[in-house]
Amino acid sequence: MATTAQHASPHRSSSSGMLFALIAIAGLSLLVVGWAVSTYNALITGDQDVRSRWAQVENAYQRRADLVPNLVETVKGAAAFETKTFTEVTEARAQVGQVSGVELAGVLEDPKAFERFQAAQHTLGASLQRLLAVSEAYPDLKATANFRDLQAQLEGTENRIAIERMRFNEAARDFNTLRSRFPAMFVARSFGDRFAAKPYFEAAPEAQKVPAVRF
Amino acid sequence: MLCLALISLLAATPPAPTRWVTDEAGLLTPTTRVALDRRLEELERSTGHQVLVWIDKSTGGEPIELFAERAFKAWRPGRAKLDDGVVLFVFSEDRSLRLEVGYGLEPVLTDAQSSRIINERITPLLKAGDANGALTNGVEALITTLGGAPAPPAPATRTLTTPEWVALGAAVVGFLVLLIIRPDLALRLITLMLFLRRGGRHGGTGFSGRGGRSGGGGASGRW
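Protein chains in written order, with the working numbering: chain A, 1 to 215; chain B, 1 to 223.
Only chain A is shown next, with the shape it has when bound in the complex (with noise of 0.2 Å):
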């Protein structure tokens, strides 16, 4: 009795620890199993956000476009000789309309498109400032209300393409963290683009501000 009671434990201890190794290993696949779900719908969250702060930014300065047909046409009424500025200005705003057109669908994950839809809008921006600098010498352009108001317009887009693109950087920055994190970073990766780091908008070579012109 006593060899067959000596022979039952160890089997029975060996195959209870095999259990207990097998149920701390599938419980430890749970958890990490539930972490990375986790971690990648933090990513998605994040991924979101920068997505939805793009179409902000894409609004702004769609608003902006669209400001200058009627800007041209009021200026040139009564500021008809300025033919080298409406032609800059006209240039500009076709260029952004190429950048925005088929392009803008993967601007984000291209680096190049990014950095060349900030160029067509920051030189449109340029040449509007230029615009209305040269509006500068002929007060009775000032003096209309319609040129006030389109004015006022401007500066108002502007503001508002500033605060979109503050925005933007801040949720990208968010995102970027988040997908370089030790150890979300591992998630982030093997899912190839997805998760890719999102671009910046970086401030113009000479600042650009708000056209400072005031009544």
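I should point out that these hints are in silico values taken from the structure, not numbers from a laboratory. All clues given are correct.
Derived EDC-like pairs: lysine to aspartate or glutamate, alpha-carbon spacing no greater than 16 Å straight-line:
| no. | chain 1 | residue 1 | chain 2 | residue 2 |
| --- | --- | --- | --- | --- |
| 1 | B | K73 | A | E170 |
| 2 | B | K57 | B | D94 |
| 3 | A | K142 | B | E120 |
| 4 | A | K76 | A | E88 |
| 5 | B | K127 | B | D94 |
| 6 | B | K57 | B | E93 |
Some chain A residues near chain B, calculated using beta-carbon distances under 10 Å:
| no. | residue |
| --- | --- |
| 7 | A145 |
| 8 | L150 |
| 9 | E155 |
| 10 | G156 |
| 11 | E158 |
| 12 | R160 |
| 13 | I161 |
| 14 | A162 |
| 15 | R167 |
Note that beta-carbon positions come from the ideal geometry of N, C-alpha and C, so glycine has one too.
Chain A is fixed; fit chain B onto it per the hints.
Frame of chain A, contents of chain B only:
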């Protein structure tokens, strides 16, 4: 743009105002301030829009647009889904002012209109030294512009769904059991809940933001 953003991070946002008109610079006489405060409180009561006037001496070197954006984001005037808040910022030493308009009111109070209110109703009187007249004019112009939009109807009270009834039933049963087993704990629970209710969002006096947002719409001016 980047260093401006850094500066704004370092500067502190003033705490949310408790009245509709706040005058930290002593620009207005108390009579005017109280009168305007009442007008704006009335506007909120009748239309639900939250319009604030914030007067201070200076932004401390920060562009008024950035200050306005931060303050609006912190104070959240206007209702959450409707974003119908407006703040008129006036800085007496900087001699600058700004109307910051929430998303929801942008179609009604456009940038062009904000600019007109500032340049036609407010700054001429400020230049002439009549701050009370200027602000009164400005507030009246704002009320006129915004007054047309009616308040949306109050949300309909909804009845409880089945799972909610079940949960409510379970909570009641649980409470009764607690009452039998540990009456002292049940009593504590009751007093706690009553205390929480009283501190709720039923403040009848003063302003408190309702979650509105702005995207930088409005206009700025100087005098």
